[in-house]
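Chemist: At the far end of the sequence shown sits residue 1464, using the numbering used here, and the numbering has no gaps.
A few of these clues could be false.
Unchecked claim - With a straight-line cut-off of 27 Å between C-alpha atoms, the simulated DSSO-like cross-links for lysine-lysine are:
id, residue 1, residue 2
1, Lys1111, Lys1056
2, Lys1426, Lys1391
3, Lys1406, Lys1426
Said to hold, decoys possible - Computed beta-carbon distance windows for the label pairs:
id, residue 1, residue 2, range
4, Gly1322, Asp1417, 28 to 36 Å
5, Gln1214, Arg1083, 24 to 32 Å
6, Arg1236, Glu1138, 26 to 34 Å
7, Ala1252, Glu1186, 35 to 43 Å
8, Lys1111, Asn1400, 37 to 45 Å
Note that these hints are calculated values from the structure, not bench results.
Even for Gly, the Cβ is constructed at its ideal location relative to N, Cα and C.
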Amino acid sequence: MSRTFFISAGEASGEHYGALLIEELKRRLTAAGQTATFFGMGGERMVAAGLDRVVRSEDMAVMGITEVVRHLPRIYGEFRKLKRAIRARRPGVAVLIDFPDIHFKLAEELHRLGVPVVFFVSPQLWAWKKHRIKLVQKYVTRMLVIFPFEEAFYRERGVEAEFVGHPLAELPLPDISREQFAAQNGLDPAATWIGLLPGSRTKEIRANLPEMLEAARLLERAASGAKAHDDFDALMRGFKPPPPSEPPIPSENDRAEAHGTFGYQFIVPLASTLNGEQRAEVKAIVEAAGSGLPIRLVEDARAALFHARASVVASGTATVEAALIGNPFVVVYRVSPLTYAIAKRVVTVPHVAMVNLIAGKRAVPELIQNDFTAAKIVQQIEGLLPDGAPRESMKKELRAVGESLRSRRAGDAHEKAGAIGRVAAITLELLERL
1031 MSRTFFISAG
1041 EASGEHYGAL
1051 LIEELKRRLT
1061 AAGQTATFFG
1071 MGGERMVAAG
1081 LDRVVRSEDM
1091 AVMGITEVVR
1101 HLPRIYGEFR
1111 KLKRAIRARR
1121 PGVAVLIDFP
1131 DIHFKLAEEL
1141 HRLGVPVVFF
1151 VSPQLWAWKK
1161 HRIKLVQKYV
1171 TRMLVIFPFE
1181 EAFYRERGVE
1191 AEFVGHPLAE
1201 LPLPDISREQ
1211 FAAQNGLDPA
1221 ATWIGLLPGS
1231 RTKEIRANLP
1241 EMLEAARLLE
1251 RAASGAKAHD
1261 DFDALMRGFK
1271 PPPPSEPPIP
1281 SENDRAEAHG
1291 TFGYQFIVPL
1301 ASTLNGEQRA
1311 EVKAIVEAAG
1321 SGLPIRLVED
1331 ARAALFHARA
1341 SVVASGTATV
1351 EAALIGNPFV
1361 VVYRVSPLTY
1371 AIAKRVVTVP
1381 HVAMVNLIAG
1391 KRAVPELIQN
1401 DFTAAKIVQQ
1411 IEGLLPDGAP
1421 RESMKKELRA
1431 VGESLRSRRA
1441 GDAHEKAGAI
1451 GRVAAITLEL
1461 LERL
């Protein structure tokens, strides 16, 4: 027997979950002697996992109110392609991952056709657009959430919801050594590495990366000035430095190096959903705004966070990754003035960063919109680089956040399979009801 699934994801994090889900569904169905086909929207990872792609997720990933309006004709054309595919292929069940602006419309079409809808990764209705809860109540069969406070929000409003745990909380820490990562990416393992994560969409990269690079320049300038001052003091004291020797290579991620001893290097991970043209644009931004700085573009964001001393991270999934890995960081974000003005009027939560919402307090600094300046980034991140109370306090807060993101389904048969396994199990349960 062959089963047909519609699976759709629109951004880098959701696309990653989509690929894992396809692999888990295939594994379970194969064990049951069944086959499956998957079609929908996704990126290269979902295609590699077995998705028959109708629409590329990278063609739909825009941000903000003004940005969506500008790209509306293209978005609508791609949306119609998805609707035609759904009507033609009639899936047994659909899994929509985050990306609410498109997926609520698709949920309506799927519901009209009698297709059960699993919505995995809740849109932030608890923060704004609470009126859209009516769409969930009407068109979504099961809402599967990855943050613990979301389950109660939906259940109180009559939605069948479940906290399945956060998929990222179940991933093992990167096993690549610092030396291996350095060799792969042309880095000096003795330097102090700082991660710069500007986001996964072109528009947010344009908005965030230049200011991050300016902060990197200020940090580099300060470190160079401090070194020159130390050298001058040594000469004035008549101190003759010994011949240079090869510095020892630290073997631990969180080593207690002195701030700036071997200089800074800055790591910019490239999101997997960026196409060739978008990657070229990132490189152009780095060459223009980061000229002369020791910057490396890398492919593995998790390894970058694991080995960086601290990071500057655009608000989004990467902040959760940084928290789970235990990398101290500063949250930044900037959108168009119109988008921000509207958001200020409708957003009802006390924090922007998901890590702070989970913690229920300001566990990590937030520099949003006009507060997002290079000088303020430097002010916040300098205290996180050396060992001491600020760094250790943040690492303690991040550990607590990480623990809260792991599901507590004690004794459940699906617990060992984690969040993706639970989503797969619920998806198959709905399929069997038909």
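Chemist: Assess, step by step, whether the Cα of Lys1426 is no farther than 27 Å from the Cα of Lys1391, and give holds or violated.
Modeler: With Cα atoms ~13 Å apart, Lys1426 and Lys1391 stay inside 27 Å; holds.
Chemist: Holds or violated: the 37 to 45 Å window for the beta-carbon distance between Lys1111 and Asn1400?
Modeler: holds (40 Å)
Chemist: Assuming the hint says 24 to 32 Å, is it satisfied by the Cβ distance from Gln1214 to Arg1083 or not?
Modeler: Holds: the Cβ-Cβ distance is about 29 Å, inside 24 to 32 Å.
Chemist: For the hint 35 to 43 Å, verify it against the beta carbon of Ala1252 and that of Glu1186.
Modeler: Violated, since Ala1252 and Glu1186 (Cβ atoms, about 50 Å apart) do not stay within the stated range.
Chemist: Is the distance from the Cβ of Arg1236 to the Cβ of Glu1138 consistent with 26 to 34 Å?
Modeler: holds (32 Å)
Chemist: When you take the CB atoms of Gly1322 and Asp1417, is the distance between them in 28 to 36 Å?
Modeler: holds (29 Å)
Chemist: Regarding the pair Lys1406 and Lys1426, is the alpha-carbon distance no greater than 27 Å?
Modeler: Cα-Cα ~23 Å, so holds.
Chemist: Would you check the hint for Lys1111 and Lys1056, treating anything up to 27 Å between C-alpha atoms as holding?
Modeler: Holds, at roughly 25 Å.
Checked against the numbered hints above, the structure violates only hint 7.
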